[in-house]
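Taken in order, these protein sequences are the chains called A and B.
For the first sequence, counting from 1, position 21 maps to 941 in this note's numbering; every step adds exactly one.
For the second sequence, counting from 1, position 121 maps to 1372 in this note's numbering; every step adds exactly one.
Quick caveat, the hints were computed from the structure, so don't treat them as lab data.
Because the structure is a prediction, the values reported are computed rather than measured.
The beta carbon of each residue, even a glycine, is placed where N, CA and C say it ideally should be.
Among the clues, some could well be false.
As the list claims (entries may be wrong) - Pairwise CB distance ranges (calculated): (1) 1458/B <-> 1102/A: 21 to 29 Å; (2) 1485/B <-> 988/A: 23 to 31 Å; (3) 1304/B <-> 1131/A: 30 to 38 Å; (4) 1032/A <-> 1453/B: 34 to 42 Å; (5) 1276/B <-> 1076/A: 35 to 43 Å; (6) 1318/B <-> 1113/A: 23 to 31 Å.
Residues per chain, in single letters:
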Amino acid sequence: MALPKLCLAFFATFLMSSCAGTYNSYVDMFKVALTPIEDVTLTFSDVEQAEFDYVYVRYGEKPRIAMALMLAEKNQYKWVSADQSLLITENGRIVKTLGLANDLLYLTNRDADPLKQQLNTNSTWVRQADWSVGEYGYLMRSSFDVYLEDTINIFSTSLSVTKVIETVTYEQKSNYLRFDSTWQNVFWIDALTGRVLKSQQQLGPGMEPLESVYISEIVRRLKQNGVVVAKDAI
Amino acid sequence: MSMRQFFLLSILWVSSGAVSANTPLVDVTINHQAYSFETAPRLAEVLKPLAEQDDWYWPATRLYRANSPFIEQQRQQTLDFIAQLINTTDMPLKALLAQLHVDIKSWNLAERVPLTIDYDLARTVPAFNPRFEKGSYQLFIAKRPTDVHFWGAIPITVSLPHRSAAPASSYITELQQNQFKDTDRVFIMQPDGEVIEVGVQLWNKQHIEIMPGSMVFIPFATHWFTSELTELNRQLLALAVHRIY
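So here's chain A without its partners, still in its complex pose (with noise of 0.2 Å):
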């Protein structure tokens, strides 16, 4: 009865050896799964210290991240994040996205954008985007509300800036089902230089908005009011 016994018990730990690698796997995979990706923190020692400009970026619900400054060109700022996506932004507005599910692929009349000249609450802008899933010309209509006196709370401190709120109605017909024709975009913005600072894009209807924190300008904002700041602040 030793014999079988022995065999039966020889045979089970050989079962679950071989088995302990996938089982470990799967325990691994899990872990990946239910464990929550953190947001990208920099200090402000970080950014400082940094040889490009960061900017963060969050899109929908997804964990922030940060972009590095890759080009300044034809008044064009092009950020690119660590899997290669690029953000094409002009004084904040995001103009032209690679690396997205559906990339805004050109806008037309953004010489024109009122982000870029004397805002005021009178100020509209029309443009006609294109996107890569193959939609071309669509209108788009804005107009702006500007409130003058606001705040931005970063690295334990806050910077004084223009609040603009933008109002966009997507003015073509829908070829599918729609419900958000119309939202809303804000852009937080440095009253001194009139750089945007701070936003929340959402580039068409549908799609989730972009929040940006132009961080590394914000450094050299601070630093020139001669705020201190602590240098692991976040």
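Given the structure of chain A, go ahead and fit chain B onto it with the hints provided.
Quick look at chain B alone, frame taken from chain A:
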């Protein structure tokens, strides 16, 4: 070997080296301006001289390889096929085919290089920044086109203003009607080289929009002339991909 022979051979070797060093490996004509590269350039390097000069519409960028021998053979094959059809058809199809024969003879053709071209993408993602092979190329960079061009089973090529957010079917009523064109479908030949077949009748209509600057091929209705017009449609589409416009 005498000193004199050694001296002469040395001069020959040095001069041949100098010639090969100065012979461009890649010639690219960008919007009719010629650029030469002595070593095989990457796409971003080729685009650089013009990329920052204007607000280009990168989806409409087209790249062709010059001097590909098969293109002229393909043209001749299509012309011969049309000539054969002309001999076996009656008016008014004969006149339509004859006009097409004349048009195709005048087409400027070169081998289309199917490639996604975007200066920003090329500088960001290495996979979209390929190295050019040795040869001569023609590159066309444009601002956002305002027109869409229709050709095929219609008497003349028609250019219509691009319509915002409009499906391909919305243009069809603008085209001259004739009994030989296929009223069920068209082929959108996008500037980036992609060809999309689109249903335009009530029963097969799809909401597919035309990229600005596209060529749209109106095929011949195949029920009129059995399989020969099916073959003609196939040959025209295959040839038109390489058409420089």
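Consistency of the hints with the structure:
Take residue 1458/B and residue 1102/A: their Cβ atoms lie about 22 Å apart, and the range 21 to 29 Å holds. For the hinted restraint 23 to 31 Å between residue 1485/B and residue 988/A, the CB-CB distance of approximately 49 Å leaves it violated. Against the hinted window of 30 to 38 Å, the Cβ-Cβ separation of residue 1304/B and residue 1131/A comes to about 34 Å, which satisfies the hint. Between residue 1032/A and residue 1453/B the CB atoms are about 40 Å apart, so this pair conforms to the stated range of 34 to 42 Å.
Separation of residue 1276/B from residue 1076/A is about 57 Å and departs from the stated range, judged on CB atoms against 35 to 43 Å. For residue 1318/B and residue 1113/A, the hinted distance range of 23 to 31 Å is not satisfied, since their beta carbons lie about 54 Å from each other.
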